[in-house]
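> Residue numbers (the numbering used here), protein chains in the order written: chain W, 9 to 381; chain L, 9 to 381; chain R, 72 to 393; chain Y, 72 to 393.
In short, the hints are calculated from the structure, not lab data.
Remember, predicted model here, so these are calculated numbers, not experimental data.
One or more hints might be untrue.
Straight-line distance between alpha carbons at most 30 angstroms, and here's what the computed DSS-like set of lysine-lysine pairs gives [unchecked claim]:
hint	chain 1	residue 1	chain 2	residue 2
1	Y	348	R	348
2	Y	117	Y	94
3	R	87	R	251
4	R	87	R	179
5	Y	94	Y	104
6	L	298	R	251
7	W	255	W	48
8	Y	181	Y	87
9	W	298	Y	104
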Amino acid sequence: MSEALHAVPPEPDMVQLLTPEGVRVEHPDYPLDITDDEIKSLYRDLVLVRRIDTEAIALQRQGELGLWASCLGQEGAQVGAGRALRPHDMSFPTYREHGVAWCQDVDPLVLLGMFRGTNLGGWDPADNNFNLYTIVIGAQTLHAAGYAMGVVRDGAVGTGDPNRDTAVLAFFGDGASSQGDVNESFVWAAADNLPVVYFCQNNQWAISAPVTTQSRVPIYHRASGFGFPGIRIDGNDVLASLAVTRKALDNARNGQGPTLIEAFTYRMNPHTTSDDPTRYRLAAETETWKLKDPIERVRAYLTREVGVDAEFFASIERESEAMAEHVRSGCRALPDPEPLSVFEHVHAEMTDELREQRDAFATYLQSFEEVGA
Amino acid sequence: MSEALHAVPPEPDMVQLLTPEGVRVEHPDYPLDITDDEIKSLYRDLVLVRRIDTEAIALQRQGELGLWASCLGQEGAQVGAGRALRPHDMSFPTYREHGVAWCQDVDPLVLLGMFRGTNLGGWDPADNNFNLYTIVIGAQTLHAAGYAMGVVRDGAVGTGDPNRDTAVLAFFGDGASSQGDVNESFVWAAADNLPVVYFCQNNQWAISAPVTTQSRVPIYHRASGFGFPGIRIDGNDVLASLAVTRKALDNARNGQGPTLIEAFTYRMNPHTTSDDPTRYRLAAETETWKLKDPIERVRAYLTREVGVDAEFFASIERESEAMAEHVRSGCRALPDPEPLSVFEHVHAEMTDELREQRDAFATYLQSFEEVGA
Amino acid sequence: MSPVMMAKALNEGLRKALEDDPKVIIMGEDVGKLGGVFRITDGLQKDFGEARVFDTPLAESGIIGTAVGLAIRGYRPVCEIQFDGFVYPGFDQIVSQVAKIHNRSNGKIKMPITIRIPYGGGIGAVEHHSESPEAYFAHTAGLKVVSCSNPSDAYWMIQQSIRSDDPVIFFEPKRRYWVKGEVADRPAPLHQARVVRPGRDATVVAYGPMVATALEAAGAAEDDGHDIEVIDLRSISPMDTATVVASVERTGRLVVVHEASVSHGVGAELAARVQEKAFYSLEAPVLRVGGFDTPYPASRLEEEWLPTVDRILDAVDRSLEY
Amino acid sequence: MSPVMMAKALNEGLRKALEDDPKVIIMGEDVGKLGGVFRITDGLQKDFGEARVFDTPLAESGIIGTAVGLAIRGYRPVCEIQFDGFVYPGFDQIVSQVAKIHNRSNGKIKMPITIRIPYGGGIGAVEHHSESPEAYFAHTAGLKVVSCSNPSDAYWMIQQSIRSDDPVIFFEPKRRYWVKGEVADRPAPLHQARVVRPGRDATVVAYGPMVATALEAAGAAEDDGHDIEVIDLRSISPMDTATVVASVERTGRLVVVHEASVSHGVGAELAARVQEKAFYSLEAPVLRVGGFDTPYPASRLEEEWLPTVDRILDAVDRSLEY
Ligand SMILES: Cc1ncc(C[n+]2csc(CCOP(=O)(O)OP(=O)(O)O)c2C)c(N)n1
Ligand SMILES: Cc1ncc(C[n+]2csc(CCOP(=O)(O)OP(=O)(O)O)c2C)c(N)n1
Ligand SMILES: [Mg+2]
Ligand SMILES: [Mg+2]
């Protein structure tokens, strides 16, 4: 760890429940009673999410995907946050929350469409309480605040009824913290005491910009300036992420308003498959973070403290093999959209002039088929 | 004061050097050694600024101005901040900083053009280191940050040379604190440790929206979240405004970075001459704030503590009469722009197509003259 | 209804929308107690409560962005932008989110958001308070853009826009807020243009604040023996080209009028469509009358800058001379 | 210079601008160490230092707004917007400040800001990375808008734009970044169109990424015996209408091509101008080929959505049939 401590200044104020070495530690404010089976199930999540991610990168290399934004290294933060969600809660991801999608039972294949280019997302946020991926940095945080305003108006906050009270979980990155939209979202959440939890994955980089380009203080400090609590967690510790997000969501549901969680983590892979990090960061830095891997520490804990046997890990391996196959074959099977579908879903009610454009284009396309015929 | 204290919760953390009753008090962090003559000159500033403002309102009533945004009640904050500026410093006002304009030696008539509708501002910010009024809420705070970036690149920070080191003073209102631009400006100033001082006049209202619509915590708290100091002052205390702004500007010039000053004050008049505050606030509130008038307290101090004689006040009265006359006659004398001037200064280099439009319009206008002739 | 001002008609239309659908909410700066700087939402907060008619913090991106979230939650937000020149901080949320989310979701999510924008000049205002940004939105696929020119349309079109499952940018000609007019018992289709004055010699198309000016011009032209047809476009996007083309096929001449700068304005699109669809009918090129290609000027110059009866007549004469 | 890619030509042009004027600075997201996601600023921070070539925080309004302040201080900022679809958060600062401050100050302040925007589609990207927002800026008085279509123009036009005392929105056709070409010894005037292929039968006008496609179409048309003139507009605002009109007076036919959605696009303005100025020369209506009036589609559909050689030929044929 000593190297690691050089790379990342020790954060006394960082909540950690499971050390990189896999040692379970307690935190006064965040007691977490969790069974070993639950931890095993978190391990399964982590491994499967990573496998989905790895497979997607391979598919991009093979030309099956145009792009992929890897979440490698951030699985702990995402699975912890995702598993803290209750059925009624709504989540607003960026484009990197594949781990949260997994926890919300979104079939990985649903995520692939926009990266393959067969659609722009295309899923219904209501299906899994998982909003569409949002690429415009920060924009989704205002959607989350607005959704939370709706929750309040629906009387779904602070009723004490677990089947009614609802919280909203909004994701964004360290770079996004500079966007006006994110700060305006903080203004709304604070002024209206909205049931929204902001989950910032500070993965140290915004493409090539280190977090210091955005802020000279820890990002979780930002919240206090707007009048709500902010807290930093070890973003590679799935237990810390689960415990802190769970508590923050509880507070939101109970009408105690917003919280900002800064998950201190690291983007192990390039920004996307199009990026070349060798131009702006040292391999040594990445190496250091390897020592803090979110999965290894859970595996170490399960092996050492719980005495989980090899068969368990083997079964997870088999499951992840199956998942990889599902992703591979499923991706290749994603159908290309029909040419004329570009005119669909532009409006709920298609306009005559767009219909005219569509019909003209249809005629144009046919002219070739005739030639072909 | 007791009523006042009901209306405005006492702010232990609010810097005050001159009480509403005109009693001089000390503040450990903000010693201000100031001569009685200097205070007399501040009094003169306050009275003249108020007179300019009052006269402008009258001119609007008479139809000489289309609109006026009154600074009544905010003269203390503005004159204190304005007098803290050094010759090299640059200021970025909103549309209400008439008191700062005065301190920067801007002839009141220069301000009237945009309210009369004879121009859109039209002055050169370099003339008095006073930027054009900016109507789009918050926009000027980014201009201030950018200007400060230029100051840094010019090596005009932290050299120790008083004739070289430069600070930037950016004004905005309580409502503006919600705008993305203002928060992005904070991001830039903090990340680059820019020599900019943010001066927020919290006059309790953004048109009809009380400050609570924008924030549930004092606005000066915002700064800490971005990593720089924030402080609240009694915005009706010209001495507190002078002392605190002076220190913040010094820090900026010395390379110690940004500060946010929240001047806790009150908009005594309607938002603008088009506004009707009876629809959203009680006269009682305004009455309470009358007791905190920024001018009265200085007058009380000068009379009671300094023993300034009636002749001094009379001379200021005469001067303000003269100023009123200057504003009245000067305003009426402001020339209407030439019709064809709409085409001027659209670009530094006029385009052929705009020249074509201008010539066509000139011909069109002439066709009437010919008819007329 | 007896004759009412457009401002009142809008207020009544909003009231009706709030009554008809509990999911309708009104949000914006100063729309609550104050009733908006133009009093269009006057009394609505009092009658429908602060949960449904409320003041937001001062940030347009926040207003639009939270409206998007409310729409995802099933609400039907009506956002007021205080003045035309202040919609731009919300432009990103409008163009990249409001306009695109229905499409992004393959039709799964609806965006029934109405964005009300008091627009146009002629009221002697300061900078940013007199602009006509409609072309920006008309060029943005996924949005619908309309503008009312009279109290009756104001009353009906605002309700139709709110009821629409598509986002509608609703442009209100602020300088006509105080003009009175009868309110019809039935609405016309939202995206249909209207011939407000039939004529044989030339067609003048306008919308919003310029319709009244165009009608005035047509009246004046009559004295010179010219019979001008005037069409109120009403819907800017989609644009009822058919109605205009049908008219031009009769008159052979077309003048388009709007306050926005001429270049790349709505008149350009209409001209481009008509010269294509009525190519053989046009006896003169489509002429455009609009604001000049300059920023909206200081108010003492706005009468020169804005299209006037005389400038419209001048264009009509030039058209007739072909 | 031997043939270079457009990306390299832009890089060299920026380098030259930095050398020629110490007030020139380059700012944006990832323009420093990374050299921009397209490497257009590659090596410039290394050679000119972090004070002159620097990464900004991640906020476009902040990038443009601070550039305005730098300009007031006497600098000549060159802002990079990472992708077309991300300019909108900075739209307010561009439209209400960059475009208007010179005018607001009665000419006292200059705004020599260049905003570089890699734009257009055809690279198989995800949403927001393939848009063509040029019409928004062309409709904004106070801005100048240009687009290069080849390495030589890229090299010279970027320098001319930076040297211009007016704000210039500089559109770079990202899909042509890697196409090589010779760089001329001398620049053409920045706001002048260029006839890139003379022809007698019809005129095709394009700019940026569509110029190559238009030339290809002209080549194909030759096989059918049609002699097509192709004009590279180069400057979108101001627009060199005279060059287009002169061409149409010879050919009698005009097709305008751009990637942006057809409705209210740049083609509308050109059509409106040409049908007015060349009314008696037009033997066919001005026809437009562009993106459809839909959001830019998923990349697997972009080949259908974008104007192609065939769609241009189809329009040319329709024009010739009149
Ligand atoms: C408004 C906007 N500007 C620029 C971009 C281009 N871009 C995509 S991701 C990214 C960096 C985001 O960094 P961060 O917020 O830290 O999230 P991360 O990618 O690290 O998860 C940028 C600049 C964008 N998508 N949206
Ligand atoms: C972007 C933008 N939105 C809306 C407005 C309309 N407007 C003018 S002043 C104002 C209130 C400003 O309040 P505050 O920031 O507290 O400044 P104050 O007027 O109280 O000095 C509003 C909403 C504007 N000028 N700019
Ligand atoms: Mg990041
Ligand atoms: Mg205020």
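> For every hint, state whether the structure bears it out.
Against the structure, the hints:
1. The hinted pair formed by residue 348(Y) and residue 348(R) meets the criterion: a straight-line CA distance of about 19 angstroms does not exceed 30 angstroms.
2. For a cut-off of 30 angstroms, the pair hint linking residue 117(Y) to residue 94(Y) stands: about 17 angstroms separates their Cα positions.
3. The suggested pairing of residue 87(R) with residue 251(R) holds, with an alpha-carbon distance near 19 angstroms, which does not exceed 30 angstroms.
4. Distance check on the hinted pair: residue 87(R) and residue 179(R) sit about 28 angstroms apart at the alpha-carbon level, within 30 angstroms; holds.
5. Of the pairs offered as hints, the one joining residue 94(Y) and residue 104(Y) holds, with about 21 angstroms between alpha carbons and a cut-off of 30 angstroms not exceeded.
6. As the CA atoms of residue 298(L) and residue 251(R) are separated by approximately 42 angstroms, the hinted pair breaks the 30 angstroms bound.
7. Taking the CA atoms of residue 255(W) and residue 48(W), the gap is near 21 angstroms; set against the 30 angstroms cutoff, the hint holds.
8. Using a Cα cut-off of 30 angstroms, the hinted pair residue 181(Y) and residue 87(Y) holds, with the two alpha carbons roughly 22 angstroms apart.
9. Distance hint between residue 298(W) and residue 104(Y) is fulfilled; the C-alpha atoms sit about 24 angstroms from each other, no more than 30 angstroms.
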